[in-house]
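These protein sequences, in sequence, are chains A and B. Okay, so the first sequence: first residue is 1 according to the numbering used here, each after it adds one. Okay, so the second sequence: first residue is 1001 according to the numbering used here, each after it adds one.
Since the hints were made in silico from the structure, they are not lab data. Mixed in with the good hints there might be a few duds.
[Unchecked claim] The calculated SDA-like cross-link candidates involving lysine to any residue, where the alpha carbons are at most 25 Å apart (straight line), are:
no., chain 1, residue 1, chain 2, residue 2
1, B, K1162, A, G268
2, A, K315, B, P1176
3, A, K186, B, I1304
4, A, K165, B, D1057
5, A, K266, B, K1162
6, A, K82, B, L1148
7, A, K246, B, P1176
8, A, K242, B, S1295
9, A, K224, B, A1306
10, A, K246, B, G1179
11, A, K72, B, G1179
12, A, K266, B, L1148
13, A, K165, B, G1305
14, A, K246, B, L1054
15, A, K165, B, I1304
16, A, K246, B, L1148
17, A, K193, B, G1305
18, A, K266, B, G1168
19, A, K242, B, P1176
20, A, K224, B, I1062
21, B, K1311, A, T197
22, B, K1162, A, V172
23, A, K246, B, Q1051
24, A, K266, B, A1175
Source: prediction; values computed, not measured.
So the chains spell out like this:
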Amino acid sequence: MNTRRFALKTMAAMTTFGLFAGSHAFADAAHPKVALVMKSLANEFFQTMQDGAKAYQKQHSKNFDLISNGIKDETDTAAQIKIVQQMMVEKVDAIVIAPADSKALVPVLKEATAKGIIVVNIDNKLDADALKEKGISVPFVGPNNRTGAKLVGDYLAKTLKAGDKVAILEGVSTTLNAQQRTAGFKDAMAAVKANVTNVQSGEWEMDKANTIASAMLRETPDLKAILAGNDNMALGAVAAIKTAGKTGKVKVVGYDNISAIQPMLKDGRVLATADQYGAQQAVFGIETALKAVKAKTPQNQLPAVVETKVKLVTK
Amino acid sequence: MYPINQIRESLMTTQHHSTNALRSIKHQFGDYLGLMIALLLMIGLFSYLSQYFLSLDTFTTIANEIPAVAVTAVGMTFILIIGGIDLSVGSVMALASAVAGIAMLQWHWSLLPAVGLAMLTGLLTGLVNGAISVGWRLPSFIVTLGMLEVARGGAYIATDSKTQYIGGAIDWLSAPVAGQLSPSFFIAIAIVIIAQIVLVKTVFGRYMVGIGTNEEAIRLAGVDPRPVKIAVFAITGLLAGLAGIMQASRLEAADPNAGIGAELVVIAAVVIGGTSLMGGRGSVANTFLGVLLISVLEAGLAQIGASEPTKRIITGCVIIVAVVLDMYRERRRNRRSH
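This is chain A alone, in the form it adopts within the complex:
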């Protein structure tokens, strides 16, 4: 009796264990683990992106698992590198990453690809030269920030004439996104021969941008417009214009279409912004990664760029 019970127990235990092990093995084959590595989740833009990805995972929970991570602030590159390393330890099948820095993340991503992990780049494009130097290719899924910024800049340009003075509030200058948006703004301004008198970094943040915008307004009393690399900085510029008593005289454009910008668009304090469909960006990245994992496409045979749409928002 005792022996029998023991045997039964053992069998039950073994079956459970076996089933568990089996299901685990099964999971590895048809249930890939995708790691989403974000920038600052304190930034609404990335929060939205992550929410979109999580919603997508819920709908497709049978197809894959999602591990989502972010860093504390946008410039904390070291923390993000650590997260990528942890994801390698976790033996994920794919990493979808919005790099905090377009160059500094390349070496650790090379390590990941060397371990057979599919790496897909979203949001902030990795530096082409850095990738080439490390001999890897990482597909970029996302919008063209330069085209997007030009779209916004062109809309502003309709209200400007040749020689008008404008200033640009750039994001964190070391990021390609910030550089691309500034370049797009400059393209648009050059097209109407407006004069970009001042480009300074507001580090993507409202308070910093407010201080800088105040200084710009003092330095160039006949400034006609401020082009901000994101909406938070646009909000800072709007407050600075109000303080300077120049509401309505200096136009502001932003980028990202966050919810706090809506009242500004309505009453014209902000002329336009761009919507990059933040929520879908991570999803597009995940889709690209899943496709590659499923088809067992090697990293270096993935397309270099998968461009997503950018919409001009004026109301």
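Use these hints to put chain B onto chain A, whose structure you have.
Then chain B, alone, in the frame of chain A:
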């Protein structure tokens, strides 16, 4: 024996200061003078470099930008005087403004209760900082480092990590009333004056200096330093909460990322003002000059369009030079008084 001598000496020196008023004023003036000259030099330099710097606009804008840093720096001065430090002020600013934003936008509170709640939040974080570091005799550095994270997390939760646009309802604090100056500015000035009086003219102020100089001696003199210390942390929390409101008012929005790194700017301003990181010595009035110095530097560098790296290098150098000069000043004063 030694501590009792110490306390007697420290009590004597405070007496000495109040009786020998002329000499004290001379010292004080000497302190102000150094910072004033530095400030004037800086203004002169920027006026030379930028056509528009030397204008009323520049100075009113700076005046309206400094209240948040100034009131936080007042609290930080007190904390440094008692030999502590508070790293959480930047996060507490963000938390307080987030709480105010949520109260106004989601619970539809009117401005005053929302501001009250925000300041209460600040006060609570300060109380917790003080109670924990005093109760368990932990270094305030590490306790407030913890609070830096906790308050920041709280701000993210409160705002759902989204910038909350509050709008005109909160702007009265920063809307110009007299000249082009805002209520925030006058409140900050009032707080600086009151705090300076508290520091030099009240028993509480003398206890703070005593605790920073030699806590054991204060205890042996029959004074329990713990309530004083907790009160100082609570005051700092309250002031950081007020600063959060001031900033939210100026930007008309509650930014969950507000005040990241503000603690360092505040500590720099306080130390430039000659307050010792070792405790026992400091002046709120000088702190205010330190705040002005940093703000003029920031505004001037932005106005001449200096690049980001240049800004950082120059700001860093100014901080170091200020502290080195302060050390020499202090040495000279010690030589004189002995």
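To see whether the hints hold, each was checked on the structure:
Distance restraint check for K1162 of chain B and G268 of chain A: the Cα-Cα separation of roughly 22 Å lies within the 25 Å cut-off, and the hinted pair is therefore satisfied. Under the criterion of a C-alpha separation no larger than 25 Å, the hint pairing K315 of chain A with P1176 of chain B is inconsistent with the structure, at around 30 Å. Under the criterion of a C-alpha separation no larger than 25 Å, the hint pairing K186 of chain A with I1304 of chain B is consistent with the structure, at around 20 Å. A threshold of 25 Å between alpha carbons decides the hint, and for K165 of chain A with D1057 of chain B the separation of about 20 Å falls inside it, so the pair holds.
Restraint check: the Cα-Cα separation between K266 of chain A and K1162 of chain B comes to about 19 Å, which is no more than 25 Å; the hinted pair holds. For the hint linking K82 of chain A to L1148 of chain B, the alpha-carbon distance of about 22 Å falls within 25 Å, and the restraint holds. Distance restraint check for K246 of chain A and P1176 of chain B: the Cα-Cα separation of roughly 14 Å lies within the 25 Å cut-off, and the hinted pair is therefore satisfied. At roughly 20 Å between alpha-carbon atoms, K242 of chain A and S1295 of chain B fall within 25 Å of each other, so this suggested pair holds.
About 21 Å separates the Cα atoms of K224 of chain A and A1306 of chain B, which keeps this hinted pair within 25 Å; it holds. A hinted pair counts as satisfied when its Cα atoms are at most 25 Å apart, and K246 of chain A with G1179 of chain B qualifies at roughly 17 Å. Note on K72 of chain A and G1179 of chain B: the hinted pairing is violated, with a Cα-Cα distance of about 41 Å set against a maximum of 25 Å. Taking the CA atoms of K266 of chain A and L1148 of chain B, the gap is about 36 Å. The hint is violated against a cut of 25 Å.
Straight-line distance between C-alpha atoms of K165 of chain A and G1305 of chain B comes to about 15 Å, which keeps the hinted pair within the 25 Å bound. About 19 Å separates the Cα atoms of K246 of chain A and L1054 of chain B, which keeps this hinted pair within 25 Å; it holds. Taking the CA atoms of K165 of chain A and I1304 of chain B, the gap is about 16 Å. The hint holds against a cut of 25 Å. Restraint check for K246 of chain A and L1148 of chain B: the C-alpha separation of about 37 Å exceeds 25 Å, so the hint is violated.
Of the pairs offered as hints, the one joining K193 of chain A and G1305 of chain B holds, with about 21 Å between alpha carbons and a cut-off of 25 Å not exceeded. A hinted pair counts as satisfied when its Cα atoms are at most 25 Å apart, and K266 of chain A with G1168 of chain B qualifies at roughly 15 Å. For the hint linking K242 of chain A to P1176 of chain B, the alpha-carbon distance of about 11 Å falls within 25 Å, and the restraint holds. A hinted pair counts as satisfied when its Cα atoms are at most 25 Å apart, and K224 of chain A with I1062 of chain B qualifies at roughly 22 Å.
Distance restraint check for K1311 of chain B and T197 of chain A: the Cα-Cα separation of roughly 19 Å lies within the 25 Å cut-off, and the hinted pair is therefore satisfied. Restraint check: the Cα-Cα separation between K1162 of chain B and V172 of chain A comes to about 19 Å, which is no more than 25 Å; the hinted pair holds. Straight-line distance between C-alpha atoms of K246 of chain A and Q1051 of chain B comes to about 20 Å, which keeps the hinted pair within the 25 Å bound. At roughly 22 Å between alpha-carbon atoms, K266 of chain A and A1175 of chain B fall within 25 Å of each other, so this suggested pair holds.
Of the numbered hints given earlier, the model fails hints 2, 11, 12, 16; all others are met.
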